[in-house]
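Trainee: Each chain, written out:
Number of protein chains: 4
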Amino acid sequence: MSSIRPIKHARHFVYNVLQNNQYDSFFSRYIDYFLIFLIITNVIAVIAESVDVWYYPNQIYFDVFEDFSLIVFSIEYLLRIWSVIEERPSKPSWGQRWEWAKSPSAIIDLLAILPSILNFFVVIDLRFLRILRLFRLLKLTRYFASMRILLTVLSKERGSFQAVIFILFIMIVLASSGIYVVENHAQPEQFESIPKAMWWAVVTLTTVGYGDVIPITTAGKILGAVITILGVGLAALPAGILASGLANELAQRREEMEQNFRELLLDEDVDLVQNQARVEAIRCELGLAKEAAQDILLQVIREQRLEKRERAVEKKKNFCPHCGESLH
Amino acid sequence: MSSIRPIKHARHFVYNVLQNNQYDSFFSRYIDYFLIFLIITNVIAVIAESVDVWYYPNQIYFDVFEDFSLIVFSIEYLLRIWSVIEERPSKPSWGQRWEWAKSPSAIIDLLAILPSILNFFVVIDLRFLRILRLFRLLKLTRYFASMRILLTVLSKERGSFQAVIFILFIMIVLASSGIYVVENHAQPEQFESIPKAMWWAVVTLTTVGYGDVIPITTAGKILGAVITILGVGLAALPAGILASGLANELAQRREEMEQNFRELLLDEDVDLVQNQARVEAIRCELGLAKEAAQDILLQVIREQRLEKRERAVEKKKNFCPHCGESLH
Amino acid sequence: MSSIRPIKHARHFVYNVLQNNQYDSFFSRYIDYFLIFLIITNVIAVIAESVDVWYYPNQIYFDVFEDFSLIVFSIEYLLRIWSVIEERPSKPSWGQRWEWAKSPSAIIDLLAILPSILNFFVVIDLRFLRILRLFRLLKLTRYFASMRILLTVLSKERGSFQAVIFILFIMIVLASSGIYVVENHAQPEQFESIPKAMWWAVVTLTTVGYGDVIPITTAGKILGAVITILGVGLAALPAGILASGLANELAQRREEMEQNFRELLLDEDVDLVQNQARVEAIRCELGLAKEAAQDILLQVIREQRLEKRERAVEKKKNFCPHCGESLH
Amino acid sequence: MSSIRPIKHARHFVYNVLQNNQYDSFFSRYIDYFLIFLIITNVIAVIAESVDVWYYPNQIYFDVFEDFSLIVFSIEYLLRIWSVIEERPSKPSWGQRWEWAKSPSAIIDLLAILPSILNFFVVIDLRFLRILRLFRLLKLTRYFASMRILLTVLSKERGSFQAVIFILFIMIVLASSGIYVVENHAQPEQFESIPKAMWWAVVTLTTVGYGDVIPITTAGKILGAVITILGVGLAALPAGILASGLANELAQRREEMEQNFRELLLDEDVDLVQNQARVEAIRCELGLAKEAAQDILLQVIREQRLEKRERAVEKKKNFCPHCGESLH
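Protein chains in written order, with the working numbering: chain A, 1 to 328; chain B, 1001 to 1328; chain C, 2001 to 2328; chain D, 3001 to 3328.
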């Protein structure tokens, strides 16, 4: 037991530093900064390696940096999977570890190290390996609160996105088939088949319009114009849905915050303006900005005051129904 | 009568499997999956047929698959029109069938088989026939809930769309006429007439910008710049309207769900959290996601509790300050 | 006086047919249809005249049609200015006519005929005259309700539009100056001066991207990339503002309709569901769709019922404060 | 003391004219107009100077105008920093001046004159100096109210913008790396390295699509199509967020105005319709349009009337059904 205690202490410390969002110390913050810095420099390294005049003279440094990064990310992964059981100490540890290993952020962590480790056993094409190392970029999502709100919106609005992608798919199929029929004779090279015509359809419907494939017959130009006018709306639709979804999500969270404050103000006569810790806890959970939280709090207090005054004005006109005297 | 009964039973079964959305059995679900799969493979076949190196060696398989699909979709259409009278058994059957045959989804079903059937009697250009077979793609709309919401929004916001298309039409006419006047002398080939200049106007106003027709005079460039700046907003407008219309529609449906829950909670002291069947029925009718329904339900219950508590707090203070008796 | 009466009657009839939106007869509707048809055929004629192979063989028909249109639009203008005084018969007639002649729709009407009339006295370049005849297109705005809502939104959101256009102007100036400095040496022809570089800036910031002028130096490409990423948002901004403004305007009108209905239902115990004339009047004034009006009406009635029931449930628990008996 | 008084008076006058927004005289307004005019002509001069055929023949006039502008803007800056202490006369003057000099608008004012002043001591490349003189354009922000609202929205939504820029950055890195791997062999010139491929990624993801670099392999086209479809939404996202943020901000300000009016109407029985000065003060503080303020005011008054009437209707029925006495 004497040997287990320090291990448990260490594991709890590691858990707090790496996994616990509530825990916030000088050390844990610097570990976060170091990891963010390492991820970004890794991405820069991958990009720089593709430039021959930068890579070949400094190959040794790039390789050392890659080895160092791989070791750090591997240790990070192992420490995370080892310490995660501290989250709910009562549960069986291996089940909890397996649970964590299946979570999206754990899979990202694994994908960030797996290709480079595999490379020791199997030879992977260097160019392809570089791309796989870019998965490390996705590790950044853990450190940005607004990213998580965006992902929530994406998952909430997935019904709308499905509908839009489905329509976009129908539009591409119909547009490429139509242009294939009218342009195939005039430009047998460019509009050889429907799959080839799809390149034109995608480039046009998304309004990129490179200009490498263009309808030249009058019928093709008329069809192209109709497709473009109809398509423009659709291509910009996902952004519109995402933007209004984001606005909606933030509005809902603000409302929930408001309700939370109202309940608290009703409950105890706690002075929320003073008791910032409580406000902060609610704010963190909902992922809103500090400024917004203060605005809402003041708004709620102000509204309650207004209601009180309205009620007071109302009461002035009341008389006790029992003794007939005015209530004031 | 003994011969009519089994027919009626069969017809009711077919109706349930094909037409009845409320009915949900293992068999009906697999029929749906099979039809969705057949539609998608048909579309892929049409696209693949346009590639000569894929089509000519396998012509026989493509033809067999087309014949098979045609038979399946024809049987589906006949079964639908035969069984649809089970919806309202009291009404005259032929009138009901005619009613159904005029509905949009029935017309799509008919368009999916008609060209191929006509092909037996009249010879249609093969390339054109293929495009007509793509109408089968539209049969998919029946199976996606979010598609129907999108169509509802499109029909609700059709006033705004009319206005935007009308303005876009005015913009195209004015832009092409203007550029025709200023560029006609410099590029008599490209800006030969207003209809020819319209190709430039559409490509520019939708921001596709192929680059095949470009103003080269200074006046043309200034006019082009002004048109582009004004036009950019307009081209993206339909998407914006659709997106905010969609957000609006969903918000309205959520509100209606909220009101439904509130009425139910007031009516009986039914525990809606337990009675999920009732919640599900309301949810299905409004076409919302399961998650959203649960969120709204919890929100309604929470609000009612808060209101109750606020009323209780209010009551506590309701004693006459003069005689000390309760005001009730 | 016996000669004035029939004139007054005729004037009132003409006013009703041409100007009065409330007046709706078989005849006035067909006059509207005829004018809309004439405007559209005029626009088509202007476009067709620019095609030499269509114009020269049929010059005589085009000229006759133009003369006919000019006469009709001139008579329309004269009848409108003559009959407009019927709107407020008590006011001085010439002042009222002058008032009308200054209104936007009257100016559009005048611009539709003025260039062709001037052409009798001064010889105008034929090509330029055609463009001026396209002003007739704007006469259509009178006949579309959704157009007027759009214009209201444009005028309400003009503050936001000013801000966006101002920023877009700053962006264009800064982008063209920046690219001029870095690309001037490499492409002295294309980026000869800031005004010339502005063509690139406009084409890029609006995402049209013809590809006729492209930065080729590394510095130019980096600057171009930064400008493009920042600019994309700005170019699409007006559409977003317009779309959310439109949604806002419609929501506000729906709310006003709701309040109107609520007031009416409180006032008299009028059955609004039966009394459709009243509902229609409110609907017309606010320019909303018929379907939306019915939805809102049913919603208001339903809400009032719910409120009544909630109050009834509340009352059940009440006892009379005077005699102590339950209130039921 | 007799010499200090006139200075103090002068300083107060200068402060009112240049810095005080509340102060509004004929003179201060014309000073504003003059400064706006000078800024705009300066920008036009910088642009015109880059055109050789305009600059060289008139070099002397351009130089005189630049010297004049520099003197005016320098005097303006000195007067502002001298008079700003009148804002809060009780505070120490140098601290206040330092405070002002660090504010964004003061930094813009300084940047507008600094490069030209530095040019007297150090020789700056003429072309670069011109760009720096364009900073004067930013001085305009002071004079536009809607600009300030836009900046508020930008700062409030900065969380969302961070998320979007972060995703856009990830998309660009992944897209350019992917296309580099598949197109590098086919077009070693164009897709030489990831940084070079980034030019294609930016041009495509922002839908500019110049057409100078285009994938030509089948794999490249498929990857390009997928990237384009996913990217279109993202590039338009900032505009969507900004637009809905702007709508949100304006809605919030309208609501705050409403609450202010409600409080005032409750407080005193002030007739706000008459007392326009009070309405104007609230309106100015919130930066809303005059029309909107009047609309809201009328709406609040109307709602209060409706509420009063509803309460009156309610009271009428408040008699005990048992003893017939009023419940009050």
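Please keep in mind that the hints were generated in silico from the structure rather than gathered at the bench. There could be a bad hint or two in this list.
Taking lysine-lysine and the BS3-like style, the derived pairs with C-alpha atoms no more than 27 Å apart in a straight line are [claimed, not checked]:
| hint | chain 1 | residue 1 | chain 2 | residue 2 |
| --- | --- | --- | --- | --- |
| 1 | C | K2196 | B | K1156 |
| 2 | B | K1156 | B | K1196 |
| 3 | D | K3139 | C | K2196 |
| 4 | D | K3139 | A | K221 |
| 5 | B | K1196 | A | K102 |
| 6 | C | K2102 | D | K3290 |
Trainee: Does each hint hold? Answer for all of them.
Mentor: Comparing the hints with the structure gives:
For the given pair, C:K2196 sits about 46 Å from B:K1156 by alpha-carbon distance, which is inconsistent with the 27 Å threshold. Taking the CA atoms of B:K1156 and B:K1196, the gap is about 35 Å. The hint is violated against a cut of 27 Å. For the hint pairing D:K3139 with C:K2196, the CA-to-CA distance comes to about 25 Å; that is within 27 Å, so the pair holds. Distance hint between D:K3139 and A:K221 is unfulfilled; the C-alpha atoms sit about 47 Å from each other, more than 27 Å.
For the suggested pair B:K1196 and A:K102, the alpha carbons sit about 59 Å apart, so the restraint of at most 27 Å is broken. Restraint check for C:K2102 and D:K3290: the C-alpha separation of about 24 Å stays at or below 27 Å, so the hint holds.
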